[in-house]
Amino acid sequence: MYTLLKYCGDRSIRRAAWEIGIRHHSTQIVKRWALRNIAEHRLCNTMAGSPQTVRDFVNELVDRIRPVFLDRLQSWSIYAASNELLTSDLQLYDLFYMCHREGEDHYKLDSLDLMNYFPFWPTFENTIEVVSFLLNLSFHEVTDSGLERCHPSVRIWSVAERARYYVDPFDRPSKRNGAWQVILGGVSFFTLLLVDHLAQLFILAENKPRNLDKIVYCLGKANEPDESGNSMLHHTQLQAMLFAFGRSIQYLLSRSPYRDISIPVLGRFATASDAADLFQSLSSPHRVTGESLAKTADATSLALSRSMLWETYRTLFWTDFDLRICEMEHRREKFWLDLYSEMHKEYFPFKKDRNDYQPCNFTPIFGNWRLMGMYYRKLWAEMLALDVHDTFFRESDEGRTGERLKQMMLNFGDGEAQGVLYNKFQGRDPSIGAICNVIFYDPPAPSEVQEFSTASR
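UniProt numbering puts the sequence shown at residues 1 to 457.
A couple of the hints might just be wrong.
[Stated by the list, open to error] Calculated cross-link-like contacts (lysine-lysine; reagent style DSS-like; alpha-carbon spacing at most 27 Å): (1) Lys378 / Lys345; (2) Lys406 / Lys424; (3) Lys424 / Lys378; (4) Lys295 / Lys108; (5) Lys334 / Lys295; (6) Lys378 / Lys406; (7) Lys334 / Lys345; (8) Lys108 / Lys175; (9) Lys424 / Lys221; (10) Lys352 / Lys334.
[As the list claims (entries may be wrong)] Ranges of calculated distance between the beta carbons of each label pair, as one might list FRET restraints: (11) Leu112 / Leu85: 40 to 46 Å; (12) Gly178 / Met328: 35 to 41 Å; (13) Glu291 / Ala179: 30 to 36 Å; (14) Asn411 / Leu147: 23 to 29 Å.
The hints are simulated quantities; they were obtained by calculation from the structure and are not laboratory data.
We put the CB at the ideal spot given by N, CA and C, even for glycine.
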């Protein structure tokens, strides 16, 4: 299609190809696979399986979250008037800021002071300790065994005596800009040369005598250490680190014989909310006072959970918007802007600006098939994370549950349908019970934190 549009000199042919491609291409695919609509095609190869599953998921979340959102909107307005001296009504563009600020204020959280509890390497080592316990993995540091490194700050671990984990976490002037990256190296290769200023990896020699399966590179963007050698993590950086570490574990545990299906490709959206109650386990004593985070760990996790509501509700709106477009049998049923205007009234108590054309989202029509339903994927990832967390909590046998998770899901990578693997692990389909839990979306007041803490333990 794109080649034809690029090189065809006949305008009428280009126009016909363009219209046919947009209007009929997806429809023909749907007919070929005997599906009912485009939405079903988009979801047939995902864990959801069908648009109806997503529709039920969205409807239940809307019923649960909308009352909380409307109630929380009043709290945001009060905070904005008293703390930010805002004299006019809140608008959508205010909520990203007010939501997290009000959440921190509600539980008296100082996010900058919180960084003093999370120096990078101790936090990373605590994360290794937690995951080693949950998944029965052995990490042995081999940094000083003569292996090549691109920088003195790099550390290397041997994982289960079968793989190497190469961690280069800190930002440097000579390091390529970008987000955290996790890269799977060649199977049965080990010796490497990393050209620092380009952040390129070169595998130099086979290492079959060492009996190694793989090497996983984790290239980070943590703050460069200060004069004292400390690199403190903001909670957003902590989330990025946890996500990168999780991807690393997937690569390290996957036994797929093919690199392209080592792990599910679509890891674009994930959340660290399932680790919210691990703050105390991951933290270190305060850098200045030496105090433990134990006294404020619950309030910290609740504040961050509270500050997530707007992002989740906004994503829920876009999920519903995308799904309604996909559910149309004919694209001419309703213009996208008319649909947006109707849904805006359902979701938000704000008057839509007449020039607000921002919601135009052609993802279901023009997007890469790998990114279809990206808003739904974010919510689905949060739901799965909390569902797995709830399973660990209910079974109260972390070692046994973790081993089942490793054997039933992580070892298979993307070699089998994720829905099938999840069903093997849980013995059921995914449940939205945990994500609809009242404590996650509407955490208790500060006076109730102590009671909540006692109950959760």
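Original post:
Any of the earlier hints contradicted here, and which numbers?
Top reply: 5, 8, 9 and 11
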